[in-house]
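Student: Take these sequences, add in the hints, and give me the full structure.
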Amino acid sequence: MEIVSIDVSQLPPPEPMKEILLALSALSSKQCLEVKHSRQPFPLYEKLLAASWCYHCQLTEKNKEHEQIFLYIYRAELQSDVTKFLLTQYPSATS
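Residue numbers (my numbering): 1 to 95.
Hint data in this document are derived by calculation from the structure and do not stem from the laboratory.
Just so it is clear, the structure is predicted and the values come from calculations on it, not from any experiment.
Where is the CB? At the ideal position from N, CA and C, for every residue including glycine.
Hints are not guaranteed to be accurate.
What the hints assert, rightly or not - Computed cross-link-like contacts, DSS-like style, restricted to lysine-lysine with a CA-CA straight-line distance of at most 30 Å: (1) 84 with 36; (2) 18 with 30; (3) 47 with 30; (4) 18 with 47; (5) 36 with 18; (6) 62 with 84; (7) 84 with 18; (8) 47 with 84; (9) 30 with 84; (10) 36 with 47; (11) 62 with 18; (12) 62 with 47; (13) 36 with 62.
What the hints assert, rightly or not - What follows is a list of derived Cβ distance ranges for each label pair: (14) 66 with 30: 27 to 35 Å; (15) 19 with 66: 14 to 22 Å; (16) 52 with 15: 21 to 29 Å; (17) 83 with 49: 14 to 22 Å; (18) 22 with 63: 27 to 35 Å; (19) 15 with 50: 17 to 25 Å; (20) 21 with 77: 30 to 38 Å; (21) 1 with 36: 16 to 24 Å; (22) 50 with 91: 28 to 36 Å.
Tutor: Structure below.
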């Protein structure tokens, strides 16, 4: 499994969704997209599920003024590999 990373955390809406969907269109079945974002992209989640993508959202920072998440988007056949990766990056992510 290969991780492809993009950072949309500084982009105003709707640019993050556009960038994420563009990156997904170029992703191979053996790649996982890692997205650094400044908020939960709730409208994107419906689009991902409708297109048969799996995802995991990891909140890494949250306070009154700021939220930072990492979103991992992948195909179902990578579930095991992504879970192993997440456990190394975020030991409490799947517990």
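Student: Can you list which hints this structure breaks, lowest number first?
Tutor: 20
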